[in-house]
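> One-letter residues, chain by chain:
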Amino acid sequence: MTTKKTTEKKNENTEKNINLKNEIKQLKIALKEKNDKLLRSMADFQNYQKRIEKELTCREQENKKKYLEEIIDLHELLKKVSDDKNPKEGLKLLINNIENFFKKEQIKPINCLGEKFNHNIHYAITTLERNDCEDNTIIEEVKKGYMLNDKILRPSHVIVTKKVEKKKI
Amino acid sequence: MGKIIGIDLGTTNSEVAVMEAGKPTIIKSAEGQNYFPSVVAFTKDGEILVGESAKRQAVTNPEGTVHRIKRKMGSGEKVKALGKSYSPEQISAFILQKIKKDAEEFLGEKITEAVITVPAYFNDNQRQATKDAGKIAGLKVKRIINEPTAASLAYGLDKEGEHKIAVYDFGGGTFDITLMEVGEGVFEVLSTNGDTQLGGSDMDQALVDYFAEIFKKQYDFDLRKDPKSLQRLIEASENAKIELSSTMQTDINLPYISVINNEPKHFETKLTRAKFEEIISKFVDKTEKPCKQALKDAKLSPEEIDHIVLVGGTTRIPLVKNKVEEIFGKTPKRDVDPMECVAIGAAIQAGVLSGEIEKDIVLLDVTPLTLSIETLGGVATHLIDRNTTVPTKKSKIFSTAADSQISVEINVLQGERPMAADNKSLGRFHLDGILPAPRGIPQIEVTFDIDVDGILNVNAKDLGTGKEQSIRITGSTKLSDQEINKMKKEAEEHEEDDIKRKEKVEIRNNGDALAHSAQKTLDELKDKFSDEDKEAIQNALKELRSALSGDDVDKIKEKTDSLTQVLQKASTAIYQKAAQQHQQTQGNQQSNSDEEAWSGHPGDDDKTINADYKVNKDEDKKDKKK
Chain A
1 MTTKKTTEKK NENTEKNINL KNEIKQLKIA LKEKNDKLLR SMADFQNYQK
51 RIEKELTCRE QENKKKYLEE IIDLHELLKK VSDDKNPKEG LKLLINNIEN
101 FFKKEQIKPI NCLGEKFNHN IHYAITTLER NDCEDNTIIE EVKKGYMLND
151 KILRPSHVIV TKKVEKKKI
Chain B
1 MGKIIGIDLG TTNSEVAVME AGKPTIIKSA EGQNYFPSVV AFTKDGEILV
51 GESAKRQAVT NPEGTVHRIK RKMGSGEKVK ALGKSYSPEQ ISAFILQKIK
101 KDAEEFLGEK ITEAVITVPA YFNDNQRQAT KDAGKIAGLK VKRIINEPTA
151 ASLAYGLDKE GEHKIAVYDF GGGTFDITLM EVGEGVFEVL STNGDTQLGG
201 SDMDQALVDY FAEIFKKQYD FDLRKDPKSL QRLIEASENA KIELSSTMQT
251 DINLPYISVI NNEPKHFETK LTRAKFEEII SKFVDKTEKP CKQALKDAKL
301 SPEEIDHIVL VGGTTRIPLV KNKVEEIFGK TPKRDVDPME CVAIGAAIQA
351 GVLSGEIEKD IVLLDVTPLT LSIETLGGVA THLIDRNTTV PTKKSKIFST
401 AADSQISVEI NVLQGERPMA ADNKSLGRFH LDGILPAPRG IPQIEVTFDI
451 DVDGILNVNA KDLGTGKEQS IRITGSTKLS DQEINKMKKE AEEHEEDDIK
501 RKEKVEIRNN GDALAHSAQK TLDELKDKFS DEDKEAIQNA LKELRSALSG
551 DDVDKIKEKT DSLTQVLQKA STAIYQKAAQ QHQQTQGNQQ SNSDEEAWSG
601 HPGDDDKTIN ADYKVNKDED KKDKKK
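Protein sequence lines, in the order shown, are assigned to chains A and B.
Mapping the first sequence onto the numbering used here, position 84 (from 1) lands on 84, and the numbers just tick up by one.
Mapping the second sequence onto the numbering used here, position 199 (from 1) lands on 199, and the numbers just tick up by one.
Possibly wrong hints are sitting among the right ones.
[Stated by the list, open to error] Non-contacting residues of chain B with respect to chain A, defined by C-beta distances greater than 12 Å in every case (computed): (1) Asn34; (2) Glu113; (3) Asn123; (4) Lys216; (5) Ser301; (6) Gly427; (7) Thr474; (8) Glu524.
[Unchecked claim] Taking lysine-lysine pairs in the DSS-like style, the calculated list, with each CA pair at most 27 Å apart, reads: (9) Lys79(A) / Lys144(A); (10) Lys34(A) / Lys461(B); (11) Lys54(A) / Lys486(B); (12) Lys79(A) / Lys270(B); (13) Lys54(A) / Lys502(B); (14) Lys163(A) / Lys80(B); (15) Lys23(B) / Lys159(B).
[As the list claims (entries may be wrong)] Derived Cβ-Cβ restraints for the label pairs, each shown as a range: (16) Gln61(A) / Ala30(B): 23 to 29 Å; (17) Asp561(B) / Arg59(A): 34 to 40 Å; (18) Ser41(A) / Asp527(B): 54 to 60 Å.
These aren't lab readings, by the way, just hints derived from the structure by calculation.
Remember, it's a predicted structure, so these values are computed and weren't measured experimentally.
Don't be surprised by glycine CBs; every beta carbon is placed ideally from N, CA and C.
Build out the structure end to end from the sequences listed, making use of the hints.
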């Protein structure tokens, strides 16, 4: 009885072993395939990155060209202006052209004189003590700021009032 | 697991980076800048501002704005802002919070962990304070590492065995020198020294003073007293400094800089690099003493230093680089952006901690040279371009070059030259058993597959019959640098000739293809052409064929063009005739005449008939031309 049982058990074990061995073999193959797939998708991604980088530099160049061309035109015209004995009219048109270009590119100047200082769109370069107007008000524009669409292209550089009494506190 | 970011928490500016797909990437602030000003402000309206917006309002709100909090870290000293007091940890936490928020926005995922850098001379208190600041900001600080260590990591200096490194950090407001020893990836600080009151901003100021003095001599007016003029002078000085890092001289032109006695005044001057260096040399010289002291403290002579790493924007100035060379007698490393290398090193450390950098797996090989096959006329047609990361697989469809061709030869090539004969042949094989068909009809798919070990499998399959043949080439990626450089150099040297030769082959191929299709058109439509046109085509065809049998490429081109013209004329006549017939017969035979005219278009007949799969082939052609 016992011997029979052990043989049975042995047989069962060998069978189990064979099954397990097969399973291990299959899993090994599956793992190898998965590993290969993983490496390939990693390589694909790296190749994709390289391509995107190339494309980005290309596009950057294209963009640059667009703005450089505008500057070249501007330069040509300004040279004419400088030779002009009565350049006022020409300059007026030139400035108009630039402003139209800004409009086309959705660049808008930030109006700031007399407004309350706003750290989102203004950059205070210094303050001036005053007692004749409100505190924290822009009294001078040092450099004009611009918005591009709804984002800030560059903040207005401004001088802001400071009420005299306040400083003493 | 989430990403861990690396933060360079600086005195004036902070930077942050993260590992993305094995590469460190600098994270931009919401304002679109590569850095975050380390400024925190409390406004009267109860708002807390951090970074760029805090900086913009700083002069309007000096009582509420906190700068340079790093200097107070770990001191236990509180700072007052608008009547309230804050610990330095709290202030730093505001900066870290802003960085965390912008990094989350940039990466599109939640960030909870970070590596933060501190100066090598920071004591335990200061390090703990930095950790606490992270905690307050909601960041688990996985590790605090020294700034010079981070900079060295950015240069991969942890992998080069045992050696000694000097990190020369010259920023906007401070100068630090750190000597370290690295072995088995462990960095040990040997000595540090520096000057907390020395930086690039001193140079800017000196330059502004220099320009202002020139103007003053001319007009007896101090531009520094007018904030408007001063602002422009500061900007011009910064630009001049940057410009003179690459050029020997720069022009400073500031039109309408000021109005004196109701008259607009302009500022015009030139600044040579020599003069610039004279102005800044006293600041650069001041870095020498701390370096010497550090060497003395570490008991090292300059020759014992193996690598010098430059950190900070000021090290971009050539004079500074020269000074470093003079002190240490060696050329410093500078291929990583000196402003970003600390944050990049922190990100690399973070990548190691998060398990993103497992050295063996991420390093995938690239193909050192282009792999191609030889096509009609001895042209090398690219399958896998140089510098492609492997493993990779690319396929292209090719066809036969002659009618009833039953076998194609696949010649696998390596190299950058456009003609097959100039490249190295890695192996060749034949694919037989192609069914006899007109040229261009059979479709043979050629696949190049490079596995992770660099073994190249080339397979050619006749899509019509399903027959295939392949070859296995080992070592296609394992070329010596010498071999690669030689082949690249050859390609560069021969570039012009090669292009000409390829053009010649293309002209010949075009002529050949036209002759073939003209013959076909002639056979198919012999009843449609007028005798006159038929004869013209036959003559032109004959001339083209005789040109093709010779070597004169210009003649081939000329004859190809004239045959094209004759064909166009003849086909136009057919269309006109068809149109006339169409008008005469009207409605009934409409479809019939349409069809005839359609197939009678000589130049493109191949394409229209076989539109379905020729499209594919056309795309291939485009690829080839690139």
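> Using the Cβ atoms, figure out if Asp561(B) sits within 34 to 40 Å of Arg59(A).
At roughly 37 Å between Cβ atoms, Arg59(A) and Asp561(B) fall inside 34 to 40 Å, so the hint holds.
> Does Lys216(B) clear chain A by more than 12 Å, comparing its Cβ with all Cβ atoms of that chain?
Consistent with the label, Lys216(B) stays out of reach of chain A, its closest Cβ about 20 Å off (over 12 Å).
> Assess, step by step, whether the Cα of Lys34(A) is no farther than 27 Å from the Cα of Lys461(B), and give holds or violated.
Roughly 26 Å separates the two Cα atoms, so the pair holds.
> Mind checking the alpha carbons of Lys54(A) and Lys486(B) for me, to see if they're no more than 27 Å apart?
Distance of about 25 Å is within 27 Å: holds.
> Check the following: the C-beta atoms of Ser41(A) and Asp527(B) are separated by a distance inside 54 to 60 Å.
At roughly 58 Å between Cβ atoms, Asp527(B) and Ser41(A) fall inside 54 to 60 Å, so the hint holds.
> For Gly427(B), is the shortest beta carbon distance to chain A beyond 12 Å?
With a cut-off of 12 Å, Gly427(B) remains clear of chain A, as the shortest Cβ separation is near 23 Å.
> Do Gln61(A) and Ala30(B) keep their Cβ atoms within the hinted range of 23 to 29 Å?
holds (27 Å)
> Against chain A, does Glu113(B) hold up as non-interface, every C-beta pair farther apart than 12 Å?
holds (24 Å)
> Does Ser301(B) really sit off the interface, with its C-beta more than 12 Å from all C-beta atoms of chain A?
Holds: least Cβ distance 43 Å, greater than 12 Å.
> So Asn123(B) supposedly isn't at the interface. Is its beta-carbon more than 12 Å from every beta-carbon in chain A?
Asn123(B) clear of chain A: closest Cβ-Cβ about 36 Å, beyond 12 Å.
> Taken at face value, is the distance from the CA of Lys502(B) to the CA of Lys54(A) at most 27 Å?
Judged against 27 Å, a Cα distance of about 25 Å means the pair holds.
> Examine each Cβ of chain A, and state whether all of them lie more than 12 Å from the Cβ of Asn34(B).
holds (16 Å)
This entry satisfies every hint, going by the numbered hints stated previously.
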